[in-house]
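The task is simple: from the sequences and hints, build the whole structure.
Chains as they are written, first to last, in numbering that gives the first Met the number 0: chain A, 0 to 146; chain B, 0 to 146.
Some hints could be false.
Where chains are identical, the list cannot tell them apart; a pair therefore holds if satisfied intra-copy or between any two copies.
Said to hold, decoys possible - Calculated cross-link-like contacts (lysine-lysine; reagent style DSBU-like; alpha-carbon spacing at most 30 Å):
1. Lys80 to Lys96
2. Lys142 to Lys108
3. Lys124 to Lys18
4. Lys80 to Lys142
5. Lys142 to Lys12
6. Lys80 to Lys18
7. Lys108 to Lys96
8. Lys18 to Lys142
9. Lys80 to Lys108
10. Lys12 to Lys80
Note that these hints are calculated values from the structure, not bench results. Please read these numbers as outputs of a predicted model, since none were measured by experiment.
2 protein chains.
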Amino acid sequence: MTVSPNHADQLEKLRDLVKDIEYCMLTTVNPDGSLHSRPMALNHEIEENGDLWFFTYASSYKVDEVNHNHHVNVSFAAPNKQTYVALSGQAELVRDKQMMEQLWVPDLKAWFPNGIDEPDIALLKVSVEKAEYWDSPSGIVAKTIGF
Amino acid sequence: MTVSPNHADQLEKLRDLVKDIEYCMLTTVNPDGSLHSRPMALNHEIEENGDLWFFTYASSYKVDEVNHNHHVNVSFAAPNKQTYVALSGQAELVRDKQMMEQLWVPDLKAWFPNGIDEPDIALLKVSVEKAEYWDSPSGIVAKTIGF
Ligand SMILES: Cc1cc2nc3c(=O)[nH]c(=O)nc-3n(C[C@H](O)[C@H](O)[C@H](O)COP(=O)(O)O)c2cc1C
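Structural data, given as structure tokens:
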């Protein structure tokens, strides 16, 4: 994506909103059409190009779903702060050891006790296409950021 | 759905988990395949049969999406309590004045200032088919409830 100055401000706003929300819900499409979500640790910021990275087991169910249908949604909710962020994009599995080394944080040990030496560990890269956020309680209209 | 005794316990657990989470994220499928989510007020408990009810504007974008593809996901996140709930189901628009009277709570005025006299107001009923929850920080495996 190309970043216009206005766009850069909006992205900054988005990164700021999710900064303190450690976990998000990642929604994927099952081959039967049903939608599944699960909490995921966002160990790192939203990249400047709007990408998100998650650690995953390559053999996990969500990876099957993503391979079958790339569309995903990532939502951040902090009800106590009245902050909601919804990201729409496409996901792909990336097995890049160097990238994993860069992105690894010790907190991830809770889900990956073997760290990046785990043979089945991989990254799920989400390329965000559209972002919406609500930062006031009565926000019936979302603010939209296109990518 | 038929409720076995064990099932009733699980449903009770689910209702208990979401009781204090006022807002959830409702994810729908866009006709172009992308997934969209937005915060929604769960004004009422999960019904004993697993149904959820939301108030919506009938002319809103989410209703278009639901009419095109019934599959939805409803996720509840309380990061401060390490509670996450994901419900998978199908949604349909219901225009039932009596039901609206039953379900209306004054807090909804924030999004529906005209209350149930609003000509465009309607209900979105979600029939839950599968529920998963995580209630411990390192809960890598979800507990699943089928409906
Ligand atoms: C905390 C919160 C709760 C909301 N609850 C509702 C709701 O119960 N019903 C509703 O239609 N919109 C609600 N909204 C607004 C929606 O998030 C959304 O912006 C609006 O319904 C339009 O969505 P759509 O264009 O995808 O249909 C709420 C917004 C916030 C921030």
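Each hint tested on the structure:
1. Taking the closest pair of Cα atoms, Lys80 and Lys96 never come within 30 Å of each other, the shortest separation being 36 Å inside a single copy and 33 Å across copies.
2. For the homomeric pair Lys142 and Lys108, the shortest alpha-carbon distance between copies (21 Å) is at most 30 Å, but the shortest distance inside one copy (35 Å) is not.
3. Taking the shortest Cα distances, Lys124 and Lys18 sit within 30 Å of each other inside one copy (18 Å), while across copies they are farther apart (33 Å).
4. For the identical chains of this complex, Lys80 and Lys142 are neighbours both inside a copy (17 Å) and across copies (28 Å), given an alpha-carbon limit of 30 Å.
5. Taking the shortest alpha-carbon separations for Lys142 and Lys12, only the intra-copy value of 11 Å comes in at or below 30 Å, while the best inter-copy value is 35 Å.
6. In this assembly of identical chains, the alpha carbons of Lys80 and Lys18 lie at most 30 Å apart whether taken from the same copy (12 Å) or from different copies (18 Å).
7. For a Cα distance limit of 30 Å, the shortest separation of Lys108 from Lys96 inside one copy, 17 Å, qualifies, whereas the shortest one across copies, 51 Å, does not.
8. With identical chains, the CA atoms of Lys18 and Lys142 are at most 30 Å apart both within one copy (18 Å) and between copies (28 Å).
9. With identical chains, the CA atoms of Lys80 and Lys108 are at most 30 Å apart both within one copy (28 Å) and between copies (20 Å).
10. Taking the shortest Cα distances, Lys12 and Lys80 sit within 30 Å of each other both inside one copy (15 Å) and across copies (26 Å).
Comparing the model with each numbered hint stated earlier shows that hint 1 is the single one that does not hold.
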